Amino acid sequence: MVLAAATVVAVLTSRAMDWNHPLIMVLVAALALIGDRYEVQTPAGSSVVATHPAFVLGMVFLGPAPMLAIGQLVIFSNPASTRSRLVGNAAAYAVFLTIGSLVARSARDHLGVSQSSAWFALVAIGLFLVTWALNVAFVVGYMRWLEGWRIDRELAATWRPLLSAHIALACATAILVYLVASVGAAVIALSGVILIAYSRLQRDLLQAERHAETARQLAADAQEQRDGLVRIILDFVDARDQMTARHSAAVARYARRIAEAAGCPEAEQRLVHTAALYHDVGKVMFADRMFKAGKLTDEEWEIVKRHPERGAELVGHLPNHEDVAAIILAHHERIDGRGYPRGIAGEDIPRLSRMISIADTYDVMTGRDSYRQPVSSAEAIEELRRVSGAQLDGSLVEIFVEQVLAVEDLAFRHGDDADFEAELAVERDGRGVWRPVVPAAELSPPALEAA
27 MVLAAATVVA
37 VLTSRAMDWN
47 HPLIMVLVAA
57 LALIGDRYEV
67 QTPAGSSVVA
77 THPAFVLGMV
87 FLGPAPMLAI
97 GQLVIFSNPA
107 STRSRLVGNA
117 AAYAVFLTIG
127 SLVARSARDH
137 LGVSQSSAWF
147 ALVAIGLFLV
157 TWALNVAFVV
167 GYMRWLEGWR
177 IDRELAATWR
187 PLLSAHIALA
197 CATAILVYLV
207 ASVGAAVIAL
217 SGVILIAYSR
227 LQRDLLQAER
237 HAETARQLAA
247 DAQEQRDGLV
257 RIILDFVDAR
267 DQMTARHSAA
277 VARYARRIAE
287 AAGCPEAEQR
297 LVHTAALYHD
307 VGKVMFADRM
317 FKAGKLTDEE
327 WEIVKRHPER
337 GAELVGHLPN
347 HEDVAAIILA
357 HHERIDGRGY
367 PRGIAGEDIP
377 RLSRMISIAD
387 TYDVMTGRDS
397 YRQPVSSAEA
407 IEELRRVSGA
417 QLDGSLVEIF
427 VEQVLAVEDL
437 AFRHGDDADF
447 EAELAVERDG
457 RGVWRPVVPA
467 AELSPPALEA
477 A
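In this text, residue positions in the sequence shown follow the working numbering: the first is 27, and each later residue adds one.
Because the hints were derived from the structure by calculation, they are not lab data.
Zero decoy hints are in this set.
Derived CB-CB ranges, DEER-like: (1) Gly-152 / Ile-60: 23 to 29 Å; (2) Asp-247 / Leu-99: 43 to 49 Å; (3) Asp-247 / Val-28: 39 to 45 Å; (4) Phe-102 / Ser-140: 33 to 39 Å; (5) Gly-152 / Val-28: 21 to 27 Å; (6) Val-34 / Ser-110: 18 to 24 Å; (7) Leu-160 / Ala-194: 17 to 23 Å; (8) Leu-49 / His-237: 41 to 47 Å; (9) Asp-135 / Leu-205: 20 to 26 Å; (10) Val-113 / Gly-152: 27 to 33 Å.
Treat the numbers as computed from the prediction; the structure is a model and nothing was measured.
Just so you know, even glycine gets a beta-carbon here, dropped at the ideal spot from N, CA and C.
Start from the sequences and build out the full structure, keeping to the hints where you can.
Laid out in structure tokens, this is it:
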């Protein structure tokens, strides 16, 4: 129905003078047929062809009926795989070629600007972009109606490079229109260079997007595997010491709230959350008896003091986790320099590591599955303040007490509802805030041909 309507409009609005440029008509048809052979597959499988510069030339110098004939010649000389798609392509070309030709005619007749004028180049640029957008809109709508396929995700991923390429080609086509009007139709023969450059540019841009899409998918898969590896390590530790997973989740929640209350930017809040979530992976090196309550031997204590270093080493093997590893390495350092493993002091200890130290200390004291008999929140706060300035950062302790614990409910303060999987999901959701991992876009099925 759309094809028939566009055909009727093209025939009824045709003029005898539209057929007075047989050389231009032949050259435009030849260019369009050549351009149609330079087909480029988009990441989603749809087809983009390099016919539009030739079509815009024809719209400017020919009328709707000749352009309709050229468009159908292109479509039926290289038919689509199914009858429905063939009809859809024919209708799309008929619509934008007819409308574009009528717009070009109106500009010639009513603007009072000669085609050989530089000002007419602006008309050619606008005509190029509007008819291209019209064609794309028709293709998207038709495919959604015909087969329920959506290519909006593909367009969202590729519209910037495609728009840039089409603006550049629109300007080149406008120059070609000026040369044809000024010099003659023979100039069209030279436009094949533009057509080939156009097709190669589109191909390169879309192939680059395809490679980027593949890279994003591989990065997402690799990150899932790395998350799984860390989870396996923590599960292994948790199987030997049932407090580790819950404790890691609680410390991650506390540390993030401290960072938020201390005015840290969102990126640092996410970073400290991730580091706290993984801060005890180094315990994988502990012997079973070291997880039990009781006095450690000197040799075992030396192993304990190495677990931040071992955890930092494990996490440091993950790409883009260098900052996380540095925070884990220092989470048992003390303000007075008597901590481990390096014995650094004061401001030399990363600020986010100092936050984890406070969260770690508080949860060990209050958690019901802790190494020691749990104490009340009030007793834990008293102990935090007693060791502030020596073991812990005094200013951050007060932020934790006055701005975090004072406003949270009792369940949060005791860490009983902490859940490792929930905190791991939070870490995944916020990962892009502190490191450039981009989720892969969902690929759509093949679409119609777009000029």
